[in-house]
Amino acid sequence: MADLNINIAGIQFKNPVTTASGCFGYGEEFKEFYDLSLLGGIFVKAVTGSNRDGNKYPRMAETPSGMLNSVGLQNKGIDHFCSHIYPLIKDFNTRVIVNVSGSTISEYVEVAARINELENIPAIELNISCPNVKHGGMAFGTVPETATEVTRAVRDVYKKVLMVKLSPNVTSITEIAKAVTNGGADVITLINTLLGMAIDAETQRPVIATVTGGLSGPAIKPVALRMVWQVYKAVNIPIVGLGGIMNATDAIEFMLAGASVIQVGTANFIDPMAAPKIIEGINEYLDRHNIASARDIIGALKVS
Amino acid sequence: MADLNINIAGIQFKNPVTTASGCFGYGEEFKEFYDLSLLGGIFVKAVTGSNRDGNKYPRMAETPSGMLNSVGLQNKGIDHFCSHIYPLIKDFNTRVIVNVSGSTISEYVEVAARINELENIPAIELNISCPNVKHGGMAFGTVPETATEVTRAVRDVYKKVLMVKLSPNVTSITEIAKAVTNGGADVITLINTLLGMAIDAETQRPVIATVTGGLSGPAIKPVALRMVWQVYKAVNIPIVGLGGIMNATDAIEFMLAGASVIQVGTANFIDPMAAPKIIEGINEYLDRHNIASARDIIGALKVS
Amino acid sequence: MKKFVHDFIVAFNNRLNSRHFILELQSPLPLPEIFPGQFVQVLVHNSPATFLRRPFSIHFVDYAKNTLSLLVQVRGEGTRHMGMLKPGETLNLVYPLGNFFSIPSSGKVLLVGGGAGVAPLMFMGDYLNRKNIRPDFLIGFRSADEVSQIDEYSKYGRVFLSTDDGSMGEKGFLTQHSVFSQSSFPYDHMYCCGPDAMMHAVAKLAAAKGSACEVSLENFMACGYGVCLCCITQTDKGNERVCVEGPVFDAARLRW
Amino acid sequence: MKKFVHDFIVAFNNRLNSRHFILELQSPLPLPEIFPGQFVQVLVHNSPATFLRRPFSIHFVDYAKNTLSLLVQVRGEGTRHMGMLKPGETLNLVYPLGNFFSIPSSGKVLLVGGGAGVAPLMFMGDYLNRKNIRPDFLIGFRSADEVSQIDEYSKYGRVFLSTDDGSMGEKGFLTQHSVFSQSSFPYDHMYCCGPDAMMHAVAKLAAAKGSACEVSLENFMACGYGVCLCCITQTDKGNERVCVEGPVFDAARLRW
Ligand SMILES: Cc1cc2nc3c(=O)[nH]c(=O)nc-3n(C[C@H](O)[C@H](O)[C@H](O)COP(=O)(O)OP(=O)(O)OC[C@H]3O[C@@H](n4cnc5c(N)ncnc54)[C@H](O)[C@@H]3O)c2cc1C
Ligand SMILES: Cc1cc2nc3c(=O)[nH]c(=O)nc-3n(C[C@H](O)[C@H](O)[C@H](O)COP(=O)(O)OP(=O)(O)OC[C@H]3O[C@@H](n4cnc5c(N)ncnc54)[C@H](O)[C@@H]3O)c2cc1C
Ligand SMILES: Cc1cc2nc3c(=O)[nH]c(=O)nc-3n(C[C@H](O)[C@H](O)[C@H](O)COP(=O)(O)O)c2cc1C
Ligand SMILES: Cc1cc2nc3c(=O)[nH]c(=O)nc-3n(C[C@H](O)[C@H](O)[C@H](O)COP(=O)(O)O)c2cc1C
Ligand code: FES
Ligand code: FES
Numbered sequence: 001m002a003d004l005n006i007n008i009a010g011i012q013f014k015n016p017v018t019t020a021s022g023c024f025g026y027g028e029e030f031k032e033f034y035d036l037s038l039l040g041g042i043f044v045k046a047v048t049g050s051n052r053d054g055n056k057y058p059r060m061a062e063t064p065s066g067m068l069n070s071v072g073l074q075n076k077g078i079d080h081f082c083s084h085i086y087p088l089i090k091d092f093n094t095r096v097i098v099n100v101s102g103s104t105i106s107e108y109v110e111v112a113a114r115i116n117e118l119e120n121i122p123a124i125e126l127n128i129s130c131p132n133v134k135h136g137g138m139a140f141g142t143v144p145e146t147a148t149e150v151t152r153a154v155r156d157v158y159k160k161v162l163m164v165k166l167s168p169n170v171t172s173i174t175e176i177a178k179a180v181t182n183g184g185a186d187v188i189t190l191i192n193t194l195l196g197m198a199i200d201a202e203t204q205r206p207v208i209a210t211v212t213g214g215l216s217g218p219a220i221k222p223v224a225l226r227m228v229w230q231v232y233k234a235v236n237i238p239i240v241g242l243g244g245i246m247n248a249t250d251a252i253e254f255m256l257a258g259a260s261v262i263q264v265g266t267a268n269f270i271d272p273m274a275a276p277k278i279i280e281g282i283n284e285y286l287d288r289h290n291i292a293s294a295r296d297i298i299g300a301l302k303v304s
Numbered sequence: 001m002a003d004l005n006i007n008i009a010g011i012q013f014k015n016p017v018t019t020a021s022g023c024f025g026y027g028e029e030f031k032e033f034y035d036l037s038l039l040g041g042i043f044v045k046a047v048t049g050s051n052r053d054g055n056k057y058p059r060m061a062e063t064p065s066g067m068l069n070s071v072g073l074q075n076k077g078i079d080h081f082c083s084h085i086y087p088l089i090k091d092f093n094t095r096v097i098v099n100v101s102g103s104t105i106s107e108y109v110e111v112a113a114r115i116n117e118l119e120n121i122p123a124i125e126l127n128i129s130c131p132n133v134k135h136g137g138m139a140f141g142t143v144p145e146t147a148t149e150v151t152r153a154v155r156d157v158y159k160k161v162l163m164v165k166l167s168p169n170v171t172s173i174t175e176i177a178k179a180v181t182n183g184g185a186d187v188i189t190l191i192n193t194l195l196g197m198a199i200d201a202e203t204q205r206p207v208i209a210t211v212t213g214g215l216s217g218p219a220i221k222p223v224a225l226r227m228v229w230q231v232y233k234a235v236n237i238p239i240v241g242l243g244g245i246m247n248a249t250d251a252i253e254f255m256l257a258g259a260s261v262i263q264v265g266t267a268n269f270i271d272p273m274a275a276p277k278i279i280e281g282i283n284e285y286l287d288r289h290n291i292a293s294a295r296d297i298i299g300a301l302k303v304s
Numbered sequence: 001m002k003k004f005v006h007d008f009i010v011a012f013n014n015r016l017n018s019r020h021f022i023l024e025l026q027s028p029l030p031l032p033e034i035f036p037g038q039f040v041q042v043l044v045h046n047s048p049a050t051f052l053r054r055p056f057s058i059h060f061v062d063y064a065k066n067t068l069s070l071l072v073q074v075r076g077e078g079t080r081h082m083g084m085l086k087p088g089e090t091l092n093l094v095y096p097l098g099n100f101f102s103i104p105s106s107g108k109v110l111l112v113g114g115g116a117g118v119a120p121l122m123f124m125g126d127y128l129n130r131k132n133i134r135p136d137f138l139i140g141f142r143s144a145d146e147v148s149q150i151d152e153y154s155k156y157g158r159v160f161l162s163t164d165d166g167s168m169g170e171k172g173f174l175t176q177h178s179v180f181s182q183s184s185f186p187y188d189h190m191y192c193c194g195p196d197a198m199m200h201a202v203a204k205l206a207a208a209k210g211s212a213c214e215v216s217l218e219n220f221m222a223c224g225y226g227v228c229l230c231c232i233t234q235t236d237k238g239n240e241r242v243c244v245e246g247p248v249f250d251a252a253r254l255r256w
Numbered sequence: 001m002k003k004f005v006h007d008f009i010v011a012f013n014n015r016l017n018s019r020h021f022i023l024e025l026q027s028p029l030p031l032p033e034i035f036p037g038q039f040v041q042v043l044v045h046n047s048p049a050t051f052l053r054r055p056f057s058i059h060f061v062d063y064a065k066n067t068l069s070l071l072v073q074v075r076g077e078g079t080r081h082m083g084m085l086k087p088g089e090t091l092n093l094v095y096p097l098g099n100f101f102s103i104p105s106s107g108k109v110l111l112v113g114g115g116a117g118v119a120p121l122m123f124m125g126d127y128l129n130r131k132n133i134r135p136d137f138l139i140g141f142r143s144a145d146e147v148s149q150i151d152e153y154s155k156y157g158r159v160f161l162s163t164d165d166g167s168m169g170e171k172g173f174l175t176q177h178s179v180f181s182q183s184s185f186p187y188d189h190m191y192c193c194g195p196d197a198m199m200h201a202v203a204k205l206a207a208a209k210g211s212a213c214e215v216s217l218e219n220f221m222a223c224g225y226g227v228c229l230c231c232i233t234q235t236d237k238g239n240e241r242v243c244v245e246g247p248v249f250d251a252a253r254l255r256w
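Residue numbers (my numbering), protein chains in the order written: chain A, 1 to 304; chain B, 1 to 304; chain C, 1 to 256; chain D, 1 to 256.
Don't read these hints as lab results, they were simulated from the structure. It is possible that some hints are incorrect.
As the list claims (entries may be wrong) - Okay, derived cross-link-like pairs now, DSS-like style, lysine-lysine, Cα gap no bigger than 30 Å in a straight line: (1) Lys277(A) - Lys204(C); (2) Lys65(D) - Lys86(D); (3) Lys3(C) - Lys90(A).
Isolated chain A (complex conformation) (with noise of 0.2 Å):
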């Protein structure tokens, strides 16, 4: 049995699985599945200041080996989280981290300002690559400058684990990656959904209400592990990283290519046994090339 702990930004993760925003709720739903606490962590949905309602329905459509998802960050805001959810996922035996969004640089810096006094809540993951809202979100993700001032104002008011997660929808992924580093983020995530459109030929209009939408699932795996192996070279800061994985294979991919960490995304609405499956899958792997931890894989890519 192999060593899956890791440990980034001084948060141990019991192993490197953890469950990606908006792809699992507040765990509840889960507890149906399996126990939580195999996970090595849960990454919660987008709080954002106060409500929001989320876009129009229809907000998904499928494409091939993907879908398109046009959420829009649908929350009961900031106030709800700390008085309802956080009661709930405050015990759970893994790491919960929030995904923090916003319109405006002052909403991500109130919502993080508040998040920073759970005490259960070890790191925010900034969400500054949203492509699903009009105001803000992407916006911020996709200029250095701006990506760098978001992330310093709220490193400003924030004292734990900052991660801020990158949007693939970009020249130069790099670029960001150094501008968030710079603005003092602890940890990066790679990558958000990539800004896609469904058509239906025969009613002749877009499938989701807002024509684009996020595409996420297998599709995206080979951006998203090229941005991984990207950004391990150009920066000295931890990577989590996701996008199409399926699989422990998959997983692996990704670690091979410089992230310390994985999330299941859209994966787990294929099959709700994805993350607890992966970590198995993960330990037989590295018994099996008899690799004795978890973290001598991340980065390991042989490229000669």
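Please arrange chains B, C and D with the ligands on chain A, whose structure you already have, making use of the hints.
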């Protein structure tokens, strides 16, 4: 039987279905499958100033609903093209358009000037989006200023229809589209491949020799459709659309989003008969919907 | 409610007509308690074009045989591949999902279904009978060649039939059936499942007649168990998830 | 050479052992002329993980039955799904692809194959016999439980056998077989197919013995008919396409 004729920038295509550069050779091989005169047009493999051996083997990897390639513009150069290839293809009873690549602006200009003299080539497609070469290629297509510059330089020597093929690996596709329009492009082709990567977890090595490569196939269709739609709204010149088109339904989606002509790329590998089948399917669709001409569905997406 | 993910074995694939078939699926584990109106998420593993699972109402549960059945209408690639499954092959389900029809303690019940929307009504009929309630069924089909299982429904209650073309039962849409033109409308509870337009019309009729009405909504779903927030519908409480707060809703609560 | 794309009907799926099987595929159209060394591109339509076609050598052609056969080794998802095909099901092929073994006008011939690399040699043996040349076969397997079809090969020539573990035939790799230690090496022509390392070794031996040697290369292919330029190998003429200028190359021309 609907009218399938499409005229863009003064070039008459007998139908909107053409084949993508790098996915159809010089057409010769497809003669063994069907009559090339069925096609609206053929975009032949990239031609550069001098002979290029291309990248090392392995040059491809299969990915979910797609593939990576790193062929790297292997071709025998413009001299050989003019003397050996042009005579073979000049009398094809379809539009033959040459994809032009280079490492420097002067190389693009040199090749374009030479092709300007070939009577039966009505247009070139300037490839400023190849992700598989160390110098030039995509680098020209990801910065608005250089995109304008290379387009303008070629425009000065190339007197027929100038198409420019853009890279999807950018933060704002509309900005690049505007840049090449300003540089004098007559038509915009969207999209080239997304930069991606594949890893073999067992050997812990990249699958392709160049580590990263270009992602094509249905996996990228949602991104391609989105870009066609964005550019259709942003500029006033015609669009040639491609990216993951496998069948007539896909082709119609691209036309609804704003493409006047579509290209069939990777689909040729899965079904060599893909292009003629798509022509048939478009015809059947138009008839079924009582649409008189293929022109009527260009940009006809109903967004309300 | 505990949920499960595992393979079932196809016991039967029974073609009803060119567009519909019933899959009887046997569980290798004892089935948990399942309620009428709940659904399953099916992994169509042999269809390359089908990435996400597909939701289907539970058409029938036979605890003695340890099977559950799905009544499926062929619509696209996923359902087409499901239709080719042969006995002995497997199908992976996530189940049981969603809420369920409320069971009335008294009053007369009408179960209304059109097309593949009849799926959950067989199970509901059986369930009501076990609670000593004998419902009536009002079932609509496109035409006589799609009419099927009338004998089965008849086991659980009286069956009214309509076909769009009048080739069997009363002619016209469900909502034009003479049960709705009775001078005094006898039903206290209606449960309805089918195309959106039909459910709208039935809900309107129910409101006019003063009958309670629950509808089972169709919807595009990614997960099916509440985590993706793709499947929302607007109710008096804002956006609710059709896969958890539904698929069954009191029609009066919907803003559709 | 005209090429075709159409469905074949699976006539037989014959398991040879846990890792190998033979698919006999019947064409609905009269087969065109096919040469030994050519290959087909298979669409594995029932495997969601398999996007591109998969190349397989033509193992045998029976013009009387209008069938062609593939000898397949299970490696990944594509071949696993092919292994589950049942008689009556269909398989879509692009064929005939690639060049072929040259047919010598005189001299003694040795056909050398290891593992699934034996695939094209059966057809080559048959073809040579029809040209009145009786070749010898040297075939290598991992162990006795993988040895198969020896009677078939024997119809076309003498068979030498080796197994890695010595459980049948001579022990060791193909290239260690005693045919190569004969004082005067009798073969003028060798044709070889199998893993890269084996072909290297055989080509080296052939060069040493002064025998002509053609090898059939494996390669990652996207199209299979010359348009994608993914499948190149370095030869004395630079990068050549394995799917068109190959898969058969004169070993002396390769820079591998
Ligand atoms: C809770 C619930 C219960 C259901 N129960 C049943 C049932 O018992 N029997 C049955 O036959 N079907 C049922 N459906 C519908 C069923 O899920 C779809 O028909 C199926 O997903 C289609 O899959 P496909 O791959 O064949 O079609 P696709 O290729 O995905 O789609 C084909 C066409 O059907 C439409 N469509 C697909 N899915 C849906 C959907 N969920 N809602 C509305 N339109 C859709 C698409 O817009 C498209 O036009 C149910 C749906 C839900 C949400
Ligand atoms: C011209 C030609 C003729 C061939 N003839 C035969 C034959 O007669 N019988 C036979 O069993 N196989 C043959 N092969 C190999 C066969 O194409 C592969 O085994 C098959 O594509 C694997 O598909 P898969 O989906 O099962 O495996 P995948 O999941 O695609 O791969 C599984 C493993 O096999 C390796 N692999 C896959 N394809 C190739 C390849 N083309 N070359 C080298 N390694 C590969 C991969 O790296 C991976 O490690 C031939 C290949 C070529 C190019
Ligand atoms: C339905 C859905 C909702 C999502 N919501 C969020 C969110 O609230 N915050 C966020 O940072 N990412 C969100 N994402 C993006 C995922 O966390 C993840 O970055 C993306 O889906 C790529 O990973 P995957 O391919 O494994 O799903 C969402 C994705 C999906 C599919
Ligand atoms: C093997 C291969 C080679 C390619 N070579 C070229 C090329 O020479 N020039 C070019 O502009 N695009 C080239 N492309 C990109 C395609 O023309 C096309 O833009 C891309 O593949 C997306 O379309 P598709 O998904 O339909 O294949 C190549 C693509 C592939 C797969
Ligand atoms: S389908 Fe995911 S929340 Fe309902
Ligand atoms: S596989 Fe495409 S050129 Fe050989």
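A quick look at each hint next to the structure:
1. For the given pair, Lys277(A) sits about 48 Å from Lys204(C) by alpha-carbon distance, which is inconsistent with the 30 Å threshold.
2. Between Lys65(D) and Lys86(D) the CA atoms are separated by roughly 18 Å; this keeps the pair inside 30 Å, and the hint holds.
3. Distance hint between Lys3(C) and Lys90(A) is fulfilled; the C-alpha atoms sit about 23 Å from each other, no more than 30 Å.
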